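*Asks:* All chains, full assembly: derive it from the sequences and hints.
For the record, the sequence lines run as chains E and H. Per our numbering: the first sequence = residues 1 to 429. Per our numbering: the second sequence = residues 1 to 144.
By construction, these hints were calculated from the structure, which means they are not laboratory data. Just to be clear, a hint being listed does not mean it is correct.
[Said to hold, decoys possible] So these bits of chain H aren't anywhere near chain E, every CB distance computed over 10 Å:
#1 Arg51
#2 Glu103
#3 Lys111
#4 Asp124
#5 Ile144
[Claimed, not checked] Only pairs whose alpha carbons sit at most 30 Å apart, straight line, appear in this in silico DSSO-like list of lysine-lysine:
#6 H:Lys133 with E:Lys405
#7 H:Lys63 with H:Lys27
#8 E:Lys405 with H:Lys63
Keep in mind the model is a prediction, meaning the values are calculated, not measured. The C-beta atom is built at its ideal place from N, Cα and C for all residues, glycine as well.
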Amino acid sequence: MFWDKVNETLAPGELAKLQLKRLKKTLNSANNVEFYRKQFSDAGVRASDIRTLEDIRKLPFTKKQDLRSGYPFGFLAVPLNRVVRIHTTSGTTGKPTVVGYTRNDLEAWAHLIARNMTMVGLGEEDVFQNMVNYGMFTGGLGFHYGAEKIGMAVIPSATGNTTRQIEMIQDFGVTAIHCTPSYAMHLAEVAEERHAEFPSLKTGIFGAEPWSESMRTELEEKLGVTAYDSYGLSELFGPGVAFECVERDGLHIWHDYYLVEIINPETGEVLGDGERGELVVTPLLKEAMPLIRYRTGDVTFRMDDGCLCGRMQKIGRITGRSDDMLVIRGINVFPSQIEHVLLSLPEVGNQFMVYIDRVNHLDEMSIEVELNREYFHGELQDLTRMQAKVVKALRDVLELRTSVKLVEPGSLPRFEGKAKRVIDRRGEI
Amino acid sequence: MDVKNYIIRQISVFSENKPGRLASIAKAFLEEKINILAFSIAEADGFGVVRALVNQPDKAFTKLTALGYNVAFTDVIAVKMKDQPGGLFEIADLLGDAGINMEYAYAYSGKEAAVLIIRVDHVDEAVSRILSKGGTLLEAKVFI
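*Replies:* What follows is the structure, encoded as structure tokens:
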């Protein structure tokens with residue numbers, strides 16, 4: 001099933017022509033952004049110098065840190081009156097990364113979600129429960145509008161209250177769900193405890209966190225669904241950038257919307273088909289916030305083989321990150337954000353350790369931080385107050401509940417050279 | 001009467017809740033030949049405060065600080081109790097009558113008597129009130 005068969009199955013030659021046309025337009029619009037004007041002039045390249053798709057290699061990459069420098073609206077290529085939505089995603093330090101959308105951007109985004117959902121056989125007969133955050137996180141509204149577009153009955157259940165989520169799946173005869181794979185595991189477990197069954201459910205869309213084939217088997221068995229991997233990131237609209245088709249062997253990335261490169265993250269060298277490296281994307285139809293050669297940090301490769309479904313070239317499922325970003329319950333966390341928060345609190349030191357565990361299939365992040373000597377006056381309640389303050393400050397910035405453990409001054413490891421402050425104990429997912 | 005005579009300096013040590021921490025603190029006291037007169041541990045989420053009345057508080061402070069511990073002095077008072085059934089009731093009743101709000105308390109039973117160590121908000125006022133209700137407080141010098 002296709003939502004937009006012509007464009008989903010463009011022949012390579014036609015696709016390249018379309019990509020080049022859109023790339024040129026994107027470069028022109030990037031010229032409205034001071035950062036890019038400077039990037040281009042530093043590289044000695046004018047938009048008119050880009051005559052082939054390969055010419056894009058003459059331009060420097062855009063990194064997540066760069067976006068931070070433009071906070072809040074420095075990366076907008078259109079006046080604010082053309083922006084109709086703003087989302088944010090966690091940045092590498094205290095400030096979030098702002099993503100703006102024009103009306104056309106929202107339309108394009110919903111169109112891609114519509115392609116993805118139609119691709120896995122969903123349509124107006126389906127009842128869809130969207131169990132992700134509906135706030136600044138792009139997963140909620142992104143899927144919502146795409147699902148409405150193809151005429152599904154959408155239940156914006158958002159997150160939390162697993163008992164209620166189970167009831168709604170049963171009472172509304174939900175046929176398709178979307179959530180993080182770890183929440184799906186949690187849901188399956190709670191349902192199992194209560195002997196709840198989901199006879200109507202047939203499709204599970206899982207994304208925002210990497211997940212394995214063994215987890216797929218488990219989720220399919222427990223929930224009675226066919227499970228599909230969804231990939232996206234807020235900077236590229238949100239979810240919907242790449243998605244599995246019914247073959248479930250790699251992700252179809254929409255080449256008419258995204259120009260894909262795979263690079264060696266150390267050297268920046270562009271790699272060929274089949275070679276594993278960092279995914280670099282130049283969105284081709286983003287109006288409000290064009291990006292040039294955006295480094296996603298996600299590690300994948302371009303797959304050599306065509307797909308039985310007839311769509312464009314796939315990329316492998318995301319297996320890891322080339323930077324230090326963590327994905328905790330679907331939320332991006334950079335260790336530098338934690339450092340930033342701790343620096344702002346005089347009660348604690350600047351050294352810290354982060355431990356990540358999976359408890360009942362949900363990610364739990366605990367942070368050890370040293371007490372500042374001068375703030376200990378001998379009372380336990382001083383300490384618990386301090387602990388609560390750190391928890392709150394971290395929650396405000398990370399939008400995540402963490403557990404904080406105060407440790408003795410000087411007891412955390414000091415690192416010479418590259419610090420290894422994050423211990424991820426989640427193991428095989 | 002000088003209320004200061006009754007104010008006792010308790011050593012409070014921040015400690016993580018992990019094996020060997022108490023042994024390490026106790027060993028420091030042993031090495032300095034410091035005698036512990038009363039002792040308790042208060043525990044929160046993953047950490048706690050070790051509280052002790054010792055015969056040489058300054059020496060204990062210096063030693064523990066040198067070992068890297070986070071140490072503070074806390075003012076407490078020591079109320080004498082009868083070491084017999086009803087001893088605690090008598091004192092608790094008296095403290096209630098005197099309108100004393102305890103933040104925390106711990107007790108020990110010594111050769112002479114049983115003693116209730118209490119931490120209160122306004123220590124000077126608490127001393128006067130306890131004495132005026134006929135309670136007996138141990139003087140700080142008893143512990144040195």
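*Asks:* Determine for every hint whether it applies to the structure shown.
*Replies:* Evaluation of the provided hints:
no.: 1; hint: Arg51; verdict: 8 Å, violated
no.: 2; hint: Glu103; verdict: 8 Å, violated
no.: 3; hint: Lys111; verdict: 28 Å, holds
no.: 4; hint: Asp124; verdict: 18 Å, holds
no.: 5; hint: Ile144; verdict: 19 Å, holds
no.: 6; hint: H:Lys133 with E:Lys405; verdict: 43 Å, violated
no.: 7; hint: H:Lys63 with H:Lys27; verdict: 11 Å, holds
no.: 8; hint: E:Lys405 with H:Lys63; verdict: 25 Å, holds
Hint check: violations occur at hints 1, 2 and 6; the rest are consistent with the structure.
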